Amino acid sequence: MRVVVAMSGGVDSSVVAGLMARAGHEVIGVTLQLYDHGAALARKGACCAGQDIHDARRVADRLGIAHYVVDSEARFRGSVISAFSDAYAAGQTPVPCIACNQHLKFGDLLEMARDLGAQALATGHYVRRVEGAEGAELHRAADESRDQSWFLFATTRAQLEFCRFPLGGLASKAEVRALAAEMGLPVAEKPDSQDICFVPSGGYDRVVEKFRPDALAPGEVVSEAGEVLGTHQGIARYTVGQARRLPDRAARLVVKAIEPGARRIIVGPRQAQSRLVRLRDVNWLAAPGERRAGVRLRARDGLRPARIRPEGQGAVVELDEPALAAPGQAAVFYEGSRILGGGFIL
Amino acid sequence: MIYLDANASEPLRPEARAAALAAMDQGGNPSSVHRAGRAARQLLEAAREQVAAHCRARPANVIFCAGATEANALALHALGAGRPVLIGATEHESIRAAAPEAIAIPVGADGRVKLAALAALLAAHPGALVCLMAANNETGVLHDIAGAARLCAGAGALLHVDAAQAIGRVEADWLGLGAASLALSGHKLGAPPGAGALVTRPGLEIRPLIKGGGQEMGRRGGTPALPAIAGLAAALGAPYPAARLAAWRDEAEAFCAGLGAIAAGAGAPRLPNTLCLVLPGMRAETQLIALDMAGICVSAGSACSSGKVAASPVLLAMGLGGMAGEAIRVSLPWNARPEMLAAFKEAYAALARRALRPARQSA
Chain W
1 MRVVVAMSGG VDSSVVAGLM ARAGHEVIGV TLQLYDHGAA LARKGACCAG
51 QDIHDARRVA DRLGIAHYVV DSEARFRGSV ISAFSDAYAA GQTPVPCIAC
101 NQHLKFGDLL EMARDLGAQA LATGHYVRRV EGAEGAELHR AADESRDQSW
151 FLFATTRAQL EFCRFPLGGL ASKAEVRALA AEMGLPVAEK PDSQDICFVP
201 SGGYDRVVEK FRPDALAPGE VVSEAGEVLG THQGIARYTV GQARRLPDRA
251 ARLVVKAIEP GARRIIVGPR QAQSRLVRLR DVNWLAAPGE RRAGVRLRAR
301 DGLRPARIRP EGQGAVVELD EPALAAPGQA AVFYEGSRIL GGGFIL
Chain Z
1 MIYLDANASE PLRPEARAAA LAAMDQGGNP SSVHRAGRAA RQLLEAAREQ
51 VAAHCRARPA NVIFCAGATE ANALALHALG AGRPVLIGAT EHESIRAAAP
101 EAIAIPVGAD GRVKLAALAA LLAAHPGALV CLMAANNETG VLHDIAGAAR
151 LCAGAGALLH VDAAQAIGRV EADWLGLGAA SLALSGHKLG APPGAGALVT
201 RPGLEIRPLI KGGGQEMGRR GGTPALPAIA GLAAALGAPY PAARLAAWRD
251 EAEAFCAGLG AIAAGAGAPR LPNTLCLVLP GMRAETQLIA LDMAGICVSA
301 GSACSSGKVA ASPVLLAMGL GGMAGEAIRV SLPWNARPEM LAAFKEAYAA
351 LARRALRPAR QSA
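As given, the protein sequences belong to chains W and Z, one line each in that order. If you're matching positions, the first sequence starts at 1 in our numbering and goes up one per residue. If you're matching positions, the second sequence starts at 1 in our numbering and goes up one per residue.
Think of the hints as simulated: they come from the structure by calculation, not from any bench. Careful, some of the hints might be misleading.
[As the list claims (entries may be wrong)] Label pairs and their computed distance ranges (CB to CB): (1) 267(Z) / 210(W): 40 to 48 Å; (2) 93(Z) / 205(W): 49 to 57 Å; (3) 56(Z) / 119(W): 57 to 65 Å.
These numbers were taken from a predicted model, which means no experiment stands behind them. Heads up, the beta-carbon is just placed ideally off N, CA and C, and yes, glycines get one too.
Throw the hints in and build the complete structure from the sequences for me.
Now the structure itself:
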């Protein structure tokens, strides 16, 4: 069959392209150019394409497959980077990788794959797609330490039908690197990418500052009773649920809420948590309905037993044990290894 | 593979290949005083005379260089110094990048530069250097060089014509019309890449952009790329089947229009081989990839070295808005055959069906 492979230039998606080609498929490699690499690195005159695009092309050459670079800069800026900054300015903690998967990889690129007459879109995500009785199911990766299912909860069932995730069943990253070496791919030893791709060396505040300087304006840190406890240097630097120590206080306090209008950070003792978490834009990958599930409230968090109740386009999560959920993050529902759905925390 | 991207590079012409191979086999450096050098020099000067004859210029006013990008840069450097620079809004990147401070002369919806706007700009910026392409690389639209040259002469301005796409494909005497200089490129004519020329009218001082061993009468340093230059001269002399290509182009245009496509610049005089097609609702890259998968080579917008396809600044300048990101360029090579056209039409029809399929928006 004809398969489009989303190639980032990293070892994972390169191996996916290699596996698809080895299986005899007609492979079209596509690299989305998401941002101007020269500008992102503040290097004047650098080519718009970074090393990753170059690497993806060299891998495609090596595999003997077609490869194209698609300009997605405008879309990425609008749907991911500026939405990321806007969310911080609204007192939320966004997950840009979810937005990118949703709008670019499984949105625009999948649509392009259909337009090209492809039968599938393959990516290097560490998740498993399992053929179930009622269509494709999304499951966690065999390698728990690599699992990316939380970031893919917003994939619709129709999109999932079209997708392939050849790495989800592999036991470890070492296996992926061994495959890359075996295929003679020039990226076999390339280090893993870190953090958020468009944020230079971890400083996301620089990105937010460019798009929403208001989110980095100073403000007050107050107690739940309204007592001013100190000042902060921008609401974008805080996430609900985070434990912070104020300079002149012995006890660590937890960020309870962020008030974007007043630019206030509300802190309180760790104990005061809630059992109810409200969600918007819930995507169901199983039949929607009230049910019990394990809920993951952040990317690197354990599963919390809960009851899920659908409510319009959203849902209410009733946690067995109270917790603090950060608005803007995702709450994803699991049943065993299967992802039942998820939504964004309100 | 069906190659319909002649405006990127014409397929090698046999005449150019033979001349380039002969020059390569002969070897020697035209600057050397011995017999091998003299033989190389003879080849170089013969090529210069051929180019001069074609452009109705004097051989002494033909400066060989690496290509049209360099020829444009040399013209801006040598003729633009101390002058305000006016450039057409749809000029090639090699002009726009070399003249970042230049003032753009707007084009109409047909892609032709507006002469009234040029006249006003010339009045506001006396003694300007005006850069206009004879033919646009994306749409094939031919500017009114005669009209622009008259305005420039009347205003005491110099006119540089980028003839990279037009020379050899249309009959014109740009220097005779009043242009001060012409840029041309070998590989756009079907010669091996690596050579181009700046051809000027007499009496202009050309300060070098690249200094070196005094080659090209001190106007361009560096050993000339003799095989590419010999190929360029030979390609200029090769016959070009303009009428046949125009007929096929028109036929393809009518066919695609019947499928819902829009031909950009169709209202203006154009190169015989060029067809710029907008397929509303389908991104240019998707069209390009789909055609490539069908074995058909065309291009879209202005591809940068990464291969990224961006919305075409040329079509934006023509006022096409969002459709500037939905256009591909089909440019027939000198050796096009009817079966190439048939294959293109078949693949394009499949594409248009997909672009228009009703489920697409909701899928």
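A quick look at each hint next to the structure:
1. 267(Z) / 210(W): 40 to 48 Å: Roughly 43 Å apart at Cβ, these two residues keep to the hinted range, so it holds.
2. 93(Z) / 205(W): 49 to 57 Å: 36 Å, violated
3. 56(Z) / 119(W): 57 to 65 Å: Cβ of residue 56(Z) to Cβ of residue 119(W): about 58 Å, so the range 57 to 65 Å holds.
Hint 2 from the list above is the single one not met by this structure.
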